[in-house]
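J.: This is what each chain is made of:
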Amino acid sequence: MARIGLHNVRHSYVPNPKADEDWALKHMDVEWQDGGAYALLGPSGCGKTTLLNIISGLLSPSEGTVTFDGTDVTSTPPDHRNIAQVFQFPVVYDTMTVYDNLAFPLRNRGVKEGAVDARVREIATMLDLTSTLEQRASGLTADGKQKISLGRGLVRSDVNVIMFDEPLTVIDPHLKWVLRSKLKELHQRVGATMIYVTHDQTEALTFADQVVVMHEGAVVQVGTPVDLFERPQHTFVGHFIGSPGMNVLPGHIDGSKIMLGSSTVGKVPKKLEIPEHSEKLEIGVRPEFVSFSSRGVPVRVTKVSDAGRFQIVETEHENNTIRLLVPEGKPVPSENAKLAFDPKYTQVYVDGWAVS
Amino acid sequence: MASKTENQKAWLFVLPVVLLVAFNALIPLMTVVNYSVQETFGDNVFFWEGVKWYEQVLNSERFHDSLLRQLAFTGTILIIEIPLGIAIALTMPRKGPWVPVCLVLMALPLLIPWNVVGAMWNIFALPDIGLLGRTINALGIEYNFTQQPVAAWMTTVLMDVWHWTSLVVLLAYAGLCAIPDAYYQAAKIDGAGSWAVFRYIQLPKMKRVLTIAILLRFMDSFMIYTEPFVLTGGGPGNTTTFLSIDLVKVALGQFDLGPAAAMSLIYFLIVLLVCWVFYTLMMRNEEV
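For the protein sequence lines, the chains are A and B, in the order given.
Numbering (the working numbering) for the first sequence: 1 to 356.
Numbering (the working numbering) for the second sequence: 1001 to 1288.
Worth flagging that the hints you see were computed from the coordinates, not collected in a lab.
Some hints here could point you the wrong way.
[To be verified] Distance condition first, Cα-Cα at most 30 angstroms in a straight line; then the derived DSS-like pairs of lysine-lysine:
(1) B:Lys1188 to A:Lys112
(2) B:Lys1095 to A:Lys26
(3) A:Lys330 to A:Lys303
(4) B:Lys1052 to A:Lys176
(5) B:Lys1188 to A:Lys184
(6) A:Lys280 to A:Lys338
(7) B:Lys1095 to A:Lys18
(8) B:Lys1188 to B:Lys1207
(9) B:Lys1095 to A:Lys176
(10) A:Lys344 to A:Lys257
(11) A:Lys184 to A:Lys267
(12) B:Lys1205 to B:Lys1188
(13) B:Lys1188 to A:Lys26
(14) A:Lys182 to B:Lys1095
(15) A:Lys112 to B:Lys1205
(16) A:Lys344 to A:Lys330
(17) A:Lys280 to A:Lys257
(18) A:Lys267 to A:Lys280
(19) A:Lys267 to A:Lys257
Put together the whole structure using the sequences plus the hints.
T.: Okay, here's the thing in structure tokens:
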């Protein structure tokens, strides 16, 4: 187990990166605590897998250093880093039994058979694989194979970090939930640092204590699931997390009022600092924190979709679409209405970044 | 209960295939079967002989000898070509500018017509003018494939290895290229050495292509005719007379159509049986 540090890490897949787009990872400077459960969340192509491979040592970063417990491991090969990785598609050694698969990493490291046996059986019990130990690994279902991949990481007691690269991609939906709770349970039991890469916000938010949101090769916010939901630091986080995502509306400041077109949506907080040379000012508010009210922003209701326990209402205000959630069964005005934004969760963004 | 709609027109769609198979496989095969149970003296006059020719072939020492020679030859070339092919495929680059160069070099021997291969090696190995033959003799080793059975065998085997190892290489290479990177990465993380990677990842993943490679090489080498015919003509003596060469001698040289037909069918059944046994063994543990 170890504290993992990434210091000024940059990576590019092209030999001589010049333009901004040449960098798969623009700049990373983060520290991950020992025993934490982290999720790396971001859309496809944002650099998540690159980052993971840099931590595991499968890739060497173009610039910067990687440290485990303060020791520089940037040039250490993966087998000497004591890490484990579960890949998107299950990797099992087809010709071996489940038992031999789990024993493989230990046998490669010259562990005595007695110790191997004890450890393999312990891990198999933890993962509910005991009944299949003598079967050939190739005959298992996708979730069984993913458990073996995970097990091969867990058998080594000295593992610094276990990394998951979208491990539930090939798993049936009803098993995803089971496997995810299993992971969470294992994290509490084993206490290893875990890093979970995904583009699925539900997976990230349910698994992790801390979620790292990535966008175009850079980290946009690190925070707890609640932070990400209530206080997105960037409009991207607002869009990406939550369903439907945050309303991001063009706004301006008029004296002490925050204005949306010609309507006032709130008061400017005392300490609001608008950076100079800013280009664009936006107002962000989640649909959860918008409600119909007797006073406020005049809108026209354009669409109501039923999403089960609540209704997603789309309204239009001076060419902007504002979405809000209305609990199931509550009446929705048929055409003209007024909206109020909860001031506590209404955030001003300048050039994409939150200001406070 | 719903009644099935019958549509006899569907047979029309199957007809071309039935005709094709009939003309290129069934009818010729049945002709051979026909010859194998009868005696003819020309003029389309046939006499029923039952299994006489089969008994004759199966009891003939000549057939036993060529079958043994054939098995020894096929075994030898498989033992050499399969491991050699895998070894070459493993050393070939997976990406970069050398990939097409390697592929073209590997494909070259496969593009040469069989009789040309035989002629090439014949001249190449001649002790007085051939590069190979002269070199070996210059090294002080007496070598003359037209007179020494061992030299004839080694030359034939070497020629086949040169001609056909490429096929195994290309198939094994295709199998290797199809292994996802994640397997190598997982093996690296699990601390597997290069032997373990080969034994537990590369070899199992190449199993299907290697099965095909072995089957193809088995069938082709078991039916080999042109190359040894051009190289040694089956000699010296009968030492490189393999089954096909012998069969042609019986059928065309002696014009013994009955025994030749019986021999063909026995030959065909041996190939079929070996392929079936081998394939069943290889695929017994495969998931569907």
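J.: Lysine 112 of chain A and lysine 1205 of chain B: Cα distance at most 30 angstroms?
T.: 29 angstroms, holds
J.: Are the Cα atoms of lysine 1095 of chain B and lysine 18 of chain A separated by 30 angstroms or less?
T.: 25 angstroms, holds
J.: Holds or violated: lysine 267 of chain A and lysine 257 of chain A, Cα atoms, limit 30 angstroms.
T.: Status holds; Cα separation ~5 angstroms.
J.: Checking one constraint from the list: CA of lysine 267 of chain A to CA of lysine 280 of chain A, max 30 angstroms. Satisfied?
T.: Roughly 19 angstroms separates the two Cα atoms, so the pair holds.
J.: Tell me if the straight-line CA distance from lysine 1188 of chain B to lysine 112 of chain A falls inside 30 angstroms.
T.: 21 angstroms, holds
J.: Is lysine 1205 of chain B within 30 angstroms of lysine 1188 of chain B, Cα to Cα?
T.: 17 angstroms, holds
J.: Does the alpha-carbon distance linking lysine 1188 of chain B and lysine 184 of chain A stay inside the 30 angstroms limit?
T.: 26 angstroms, holds
J.: Below or equal to 30 angstroms on CA atoms is what counts here, so check lysine 280 of chain A against lysine 257 of chain A.
T.: 17 angstroms, holds
J.: Holds or violated: lysine 184 of chain A with lysine 267 of chain A, Cα cutoff 30 angstroms?
T.: Status violated; Cα separation ~42 angstroms.
J.: Taking 30 angstroms as the top limit, are the C-alpha atoms of lysine 344 of chain A and lysine 257 of chain A close enough?
T.: 15 angstroms, holds
J.: Between the alpha carbons of lysine 280 of chain A and lysine 338 of chain A, is the straight-line distance 30 angstroms or under?
T.: 26 angstroms, holds
J.: Straight-line Cα separation of lysine 182 of chain A and lysine 1095 of chain B no greater than 30 angstroms?
T.: 40 angstroms, violated
Of the hints listed earlier, those the structure fails to meet are numbers 4, 9, 11 and 14, in rising order.
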